[in-house]
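Asker: Whenever a hint applies, use it, and build me the whole structure from the sequences.
Chains as they are written, first to last, in the working numbering: chain A, 162 to 568; chain B, 333 to 425.
Each hint should be verified, as a subset may be incorrect.
Said to hold, decoys possible - Simulated pairs of lysine-lysine, BS3-like, Cα-Cα distance not exceeding 25 Å:
| # | chain 1 | residue 1 | chain 2 | residue 2 |
| --- | --- | --- | --- | --- |
| 1 | B | Lys354 | A | Lys215 |
| 2 | A | Lys328 | A | Lys416 |
| 3 | B | Lys359 | A | Lys196 |
| 4 | A | Lys355 | A | Lys259 |
| 5 | B | Lys401 | B | Lys354 |
| 6 | B | Lys398 | B | Lys421 |
| 7 | A | Lys355 | B | Lys398 |
| 8 | A | Lys333 | A | Lys323 |
| 9 | A | Lys328 | A | Lys262 |
| 10 | A | Lys262 | A | Lys333 |
| 11 | B | Lys420 | B | Lys401 |
| 12 | B | Lys421 | B | Lys366 |
| 13 | A | Lys196 | B | Lys421 |
| 14 | A | Lys527 | A | Lys196 |
| 15 | A | Lys355 | B | Lys413 |
| 16 | B | Lys420 | A | Lys196 |
| 17 | A | Lys338 | A | Lys416 |
| 18 | A | Lys282 | A | Lys262 |
| 19 | A | Lys527 | A | Lys539 |
| 20 | A | Lys259 | A | Lys323 |
| 21 | B | Lys421 | A | Lys355 |
| 22 | B | Lys366 | A | Lys355 |
| 23 | B | Lys421 | B | Lys359 |
| 24 | B | Lys398 | B | Lys366 |
Don't read these hints as lab results, they were simulated from the structure. Being a predicted model, the structure only gives us computed values, none of them experimental.
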Amino acid sequence: MSTLDRRRFLGGTVAASAAVGHTLPAWAQALDLPKALPEGVRASAVLESLPGKKPLIKLSYRPPNYETPLEYFRTAITPTDAFFVRYHLAGIPEVDAKTRKVTVGGEGANGTAAFTLDDLKRMPAVEVTAVNQCSGNRRGLFQPHVPGVEWGYGAMGCARWKGVRLKDLLDKVGLRKEAVEIVLDGADSGVSDKTPDFVKSIPTWKAIEDTTLVAYEMNGEPLPHLNGFPARIVVPGWTGTYWMKHITSINAVTKPDANFWMSAAYRIPLGKFPLVARFTSQDSAVNTPITEMVVNSLITSPANDAMAKLGAPLTVSGIAWDAGYGINAVEVSTDGGETWAAAKLGEDLGRYAFRTFSFEFAPKTKGAQSIMARATNKIGQGQTSELIANPAGYHHNVIHRITLDVA
Amino acid sequence: MRTLVIAFAALAFALPAAAQEKPVELKKAPGLDKVESNCSGCHSLDYILMNSPFPTAAVWDAEVTKMIKAFGAPISEDDAKTIAEYLKKNYGS
Numbered sequence: 162m163s164t165l166d167r168r169r170f171l172g173g174t175v176a177a178s179a180a181v182g183h184t185l186p187a188w189a190q191a192l193d194l195p196k197a198l199p200e201g202v203r204a205s206a207v208l209e210s211l212p213g214k215k216p217l218i219k220l221s222y223r224p225p226n227y228e229t230p231l232e233y234f235r236t237a238i239t240p241t242d243a244f245f246v247r248y249h250l251a252g253i254p255e256v257d258a259k260t261r262k263v264t265v266g267g268e269g270a271n272g273t274a275a276f277t278l279d280d281l282k283r284m285p286a287v288e289v290t291a292v293n294q295c296s297g298n299r300r301g302l303f304q305p306h307v308p309g310v311e312w313g314y315g316a317m318g319c320a321r322w323k324g325v326r327l328k329d330l331l332d333k334v335g336l337r338k339e340a341v342e343i344v345l346d347g348a349d350s351g352v353s354d355k356t357p358d359f360v361k362s363i364p365t366w367k368a369i370e371d372t373t374l375v376a377y378e379m380n381g382e383p384l385p386h387l388n389g390f391p392a393r394i395v396v397p398g399w400t401g402t403y404w405m406k407h408i409t410s411i412n413a414v415t416k417p418d419a420n421f422w423m424s425a426a427y428r429i430p431l432g433k434f435p436l437v438a439r440f441t442s443q444d445s446a447v448n449t450p451i452t453e454m455v456v457n458s459l460i461t462s463p464a465n466d467a468m469a470k471l472g473a474p475l476t477v478s479g480i481a482w483d484a485g486y487g488i489n490a491v492e493v494s495t496d497g498g499e500t501w502a503a504a505k506l507g508e509d510l511g512r513y514a515f516r517t518f519s520f521e522f523a524p525k526t527k528g529a530q531s532i533m534a535r536a537t538n539k540i541g542q543g544q545t546s547e548l549i550a551n552p553a554g555y556h557h558n559v560i561h562r563i564t565l566d567v568a
Numbered sequence: 333m334r335t336l337v338i339a340f341a342a343l344a345f346a347l348p349a350a351a352q353e354k355p356v357e358l359k360k361a362p363g364l365d366k367v368e369s370n371c372s373g374c375h376s377l378d379y380i381l382m383n384s385p386f387p388t389a390a391v392w393d394a395e396v397t398k399m400i401k402a403f404g405a406p407i408s409e410d411d412a413k414t415i416a417e418y419l420k421k422n423y424g425s
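Answerer: Here you go:
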């Protein structure tokens with residue numbers, strides 16, 4: 162095997178550069194972006210480091226939207242310094258954790274209270290391992306393309322989140338029985354004061370679940386600034402839009418919140434997705450807020466377009482996740498989806514975590530070799546073979562497919 | 333909680349992400365000056381690059397309208413037209 166072939170065989174982001182490096186500009190040599198992404202992303206995305214972060218795939222500088230390169234998904238826990246960064250608005254203050262307080266109250270509560278980071282740390286701590294995935298992860302793979310941040314596979318990550326139960330904070334002020342939603346606001350804001358502040362609400366029933374947290378640690382360390390320091394909301398099973406960073410206020414309300422980010426953004430057509438968790442106080446006649454994640458999986462090794470040797474055993478590995486019902490099985494197909502065989506599931510880090518899988522396989526014919534993976538969860542939900550179109554480009558869980566070059 | 337946000341912002345306002353920002357070069361064509369002066373105050377111009385070249389004329393019109401109506405961008409009617417034309421011609425399908 163030549164040096165070139167060995168590098169391709171090993172896979173990873175160097176693969177494409179090894180093959181065609183001399184014809185591409187410097188930035189492209191480190192990136193092997195999916196060909197399905199808009200041309201503009203493939204031409205402008207670069208690997209760049211934010212403070213405290215490894216080089217991530219920069220989609221936009223300001224507000225910062227940086228995705229995690231695929232090779233960091235080879236473990237069930239995503240390294241904190243490789244965890245994706247996503248902001249809607251460019252005003253992102255560094256907050257002083259000593260003086261900053263999160264206020265809890267609202268007209269749906271009986272009282273008000275305020276907590277510093279130290280106050281939170283004095284309360285009973287809970288740790289949950291959970292996937293945080295942007296609603297628009299894989300938006301860039303939509304055909305036809307839809308406008309937005311054109312993410313590939315990496316607007317997600319799985320971490321161990323430690324903090325206090327949101328329920329414990331709400332108990333301190335007492336919820337009125339009429340409280341329908343809990344409104345969450347963080348320290349980030351728009352540059353213009355005419356830009357709607359990024360505010361989200363969650364239904365009260367979700368807010369008081371045992372696993373919904375105000376988290377101040379991620380993988381055993383304080384939250385990095387760009388992942389929500391000093392504390393953020395963690396809503397296991399639900400998409401990242403509700404995981405408010407730099408949390409400043411938590412308000413119970415008796416009427417549905419009507420701000421732009423609830424009434425106009427983050428909505429999916431009614432009836433198109435097989436979802437259990439519903440946010441009915443926000444339903445309109447045609448759409449409903451995105452809530453829980455759909456079942457999904459990703460092949461993380463070998464890399465797409467990697468070389469493989471005829472007859473030589475190789476391991477196909479990856480991760481699967483869902484909204485917390487738990488992964489039941491992952492199946493792999495090496496014949497373009499004609500037949501499927503069960504992959505071996507890795508360690509179970511909890512129902513909200515990435516579940517690793519592996520599958521042993523030896524290519525039997527030369528040329529292009531397709532490999533696909535699909536997951537099912539414990540309530541019988543699976544992945545889709547055809548994209549479920551929706552205007553904002555959410556919930557992409559089309560079965561992932563890679564191609565190997567067998568020689 | 334905008335008051336609170338402003339109070340915190342005043343304590344220590346910094347944009348560590350923006351410190352990493354490098355200039356984004358768009359195609360030199362009529363209207364670029366309006367794009368740069370109106371759009372880049374709120375977001376970096378790589379938003380345009382990554383959303384290209386697939387948008388139809390209607391999609392670019394809708395994006396410009398969204399920036400003004402939904403996000404409160406203070407863009408004059410004339411500039412909005414110039415910006416939409418620039419985007420359609422240089423970054424549209």
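Asker: Now look at each hint and say whether the structure bears it out.
Answerer: So, going through the hints one by one against the coordinates:
no.	hint	in the structure
1	B:Lys354 / A:Lys215	holds, 18 Å
2	A:Lys328 / A:Lys416	holds, 19 Å
3	B:Lys359 / A:Lys196	holds, 23 Å
4	A:Lys355 / A:Lys259	violated, 30 Å
5	B:Lys401 / B:Lys354	violated, 28 Å
6	B:Lys398 / B:Lys421	holds, 19 Å
7	A:Lys355 / B:Lys398	holds, 13 Å
8	A:Lys333 / A:Lys323	holds, 19 Å
9	A:Lys328 / A:Lys262	holds, 17 Å
10	A:Lys262 / A:Lys333	holds, 15 Å
11	B:Lys420 / B:Lys401	holds, 19 Å
12	B:Lys421 / B:Lys366	holds, 14 Å
13	A:Lys196 / B:Lys421	holds, 24 Å
14	A:Lys527 / A:Lys196	holds, 23 Å
15	A:Lys355 / B:Lys413	holds, 21 Å
16	B:Lys420 / A:Lys196	holds, 23 Å
17	A:Lys338 / A:Lys416	holds, 12 Å
18	A:Lys282 / A:Lys262	holds, 13 Å
19	A:Lys527 / A:Lys539	violated, 37 Å
20	A:Lys259 / A:Lys323	holds, 19 Å
21	B:Lys421 / A:Lys355	violated, 29 Å
22	B:Lys366 / A:Lys355	holds, 20 Å
23	B:Lys421 / B:Lys359	holds, 10 Å
24	B:Lys398 / B:Lys366	holds, 17 Å
Of the hints listed earlier, those the structure fails to meet are numbers 4, 5, 19, 21, in rising order.
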